[in-house]
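Undergrad: All letters in the sequence shown, in the order written, are residues 1 to 220 by UniProt numbering.
Think of the hints as simulated: they come from the structure by calculation, not from any bench.
Just so you know, not all the hints are guaranteed correct.
As the list claims (entries may be wrong) - With a straight-line cut-off of 20 Å between C-alpha atoms, the simulated SDA-like cross-links for lysine to any residue are:
1. Lys-96 / Thr-26
2. Lys-145 / Lys-96
3. Lys-34 / Met-50
4. Lys-96 / Leu-156
5. Lys-145 / Ser-193
6. Lys-34 / Arg-71
7. Lys-96 / Thr-52
8. Lys-30 / Arg-18
9. Lys-145 / Pro-114
10. Lys-34 / Lys-145
11. Lys-145 / Thr-33
12. Lys-34 / Arg-97
13. Lys-30 / Arg-57
14. Lys-145 / Asp-119
15. Lys-105 / Glu-70
16. Lys-145 / Thr-19
17. Lys-96 / Ser-21
18. Lys-34 / Ser-193
19. Lys-30 / Asp-119
20. Lys-145 / Thr-199
21. Lys-30 / Glu-109
22. Lys-145 / Pro-112
23. Lys-105 / Ser-115
24. Lys-145 / Thr-52
25. Lys-145 / Glu-109
26. Lys-34 / Thr-19
27. Lys-34 / Pro-112
28. Lys-105 / Pro-25
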Amino acid sequence: MSNVFSGGKGNGNPGFVRTFSRIAPTYEEKYGTKLSQAHDDCLRMLSRWMCTSRPERVLDIGCGTGALIERMFALWPEARFEGVDPAQGMVDEAAKRRPFASFVKGVAEALPFPSQSMDLVVCSMSFGHWADKSVSLNEVRRVLKPQGLFCLVENLPAGWGLTTLINWLLGSLADYRSEHEVIQLAQTAGLQSMETSVTDQHVIVATFRPCCGEVGDHGR
């Protein structure tokens, strides 16, 4: 998912979800450049951290139409790919365009997957829309295998000036956090920061691994 067109804060917001469902058929065509830049950032980071291992199961949270999953599938065609998105229109479009993967409607705060089932979890431009980041990051840790990897790509809070104005005009009410806040939230959820970088487009790219300790199944 991208922040370029948002109807409200939190990926469970009804207006937000309806907006993304409505624009799903033309989403990639309209916002493809923005998506590709974020996906490039994600894949560059993954190329360093996944160079000696191949994931068996991969989850994309806020998968949109599944464009990032398609690019990862080209790298690891033997892996099992899952996508979750709160907008049914996005899920339907993703299933149509990427039949090699599985897509389900859902939110980051309640991931419909078993504990310790994912080798890799990615989140590209949807973190800012998570309604409860602490709960969501705990869910990320829950579904990750002990040696799994979480890669996050998101805009940082815009400084005063043109960028702030543009985001406001686009209706971007996403809850962006600073690099320090992202790391702190992840650490509180039991995710250890492995590497972070900030691009010249004011985007944070970060990788995390689960810290030592048991992860409960939370009833799943």
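Undergrad: A separate judgement is required for each hint: does it hold in the structure or not?
TA: Hints and how they fare:
| no. | hint | result |
| --- | --- | --- |
| 1 | Lys-96 / Thr-26 | holds, 13 Å |
| 2 | Lys-145 / Lys-96 | violated, 29 Å |
| 3 | Lys-34 / Met-50 | violated, 24 Å |
| 4 | Lys-96 / Leu-156 | violated, 32 Å |
| 5 | Lys-145 / Ser-193 | holds, 16 Å |
| 6 | Lys-34 / Arg-71 | holds, 15 Å |
| 7 | Lys-96 / Thr-52 | violated, 32 Å |
| 8 | Lys-30 / Arg-18 | holds, 17 Å |
| 9 | Lys-145 / Pro-114 | holds, 10 Å |
| 10 | Lys-34 / Lys-145 | violated, 30 Å |
| 11 | Lys-145 / Thr-33 | violated, 32 Å |
| 12 | Lys-34 / Arg-97 | holds, 19 Å |
| 13 | Lys-30 / Arg-57 | violated, 30 Å |
| 14 | Lys-145 / Asp-119 | holds, 6 Å |
| 15 | Lys-105 / Glu-70 | holds, 18 Å |
| 16 | Lys-145 / Thr-19 | violated, 34 Å |
| 17 | Lys-96 / Ser-21 | holds, 14 Å |
| 18 | Lys-34 / Ser-193 | violated, 25 Å |
| 19 | Lys-30 / Asp-119 | violated, 31 Å |
| 20 | Lys-145 / Thr-199 | violated, 28 Å |
| 21 | Lys-30 / Glu-109 | violated, 28 Å |
| 22 | Lys-145 / Pro-112 | holds, 15 Å |
| 23 | Lys-105 / Ser-115 | holds, 18 Å |
| 24 | Lys-145 / Thr-52 | holds, 17 Å |
| 25 | Lys-145 / Glu-109 | holds, 18 Å |
| 26 | Lys-34 / Thr-19 | holds, 18 Å |
| 27 | Lys-34 / Pro-112 | violated, 28 Å |
| 28 | Lys-105 / Pro-25 | holds, 16 Å |
Violation of the numbered hints given earlier is confined to hints 2, 3, 4, 7, 10, 11, 13, 16, 18, 19, 20, 21 and 27; the remaining hints are satisfied by the structure.
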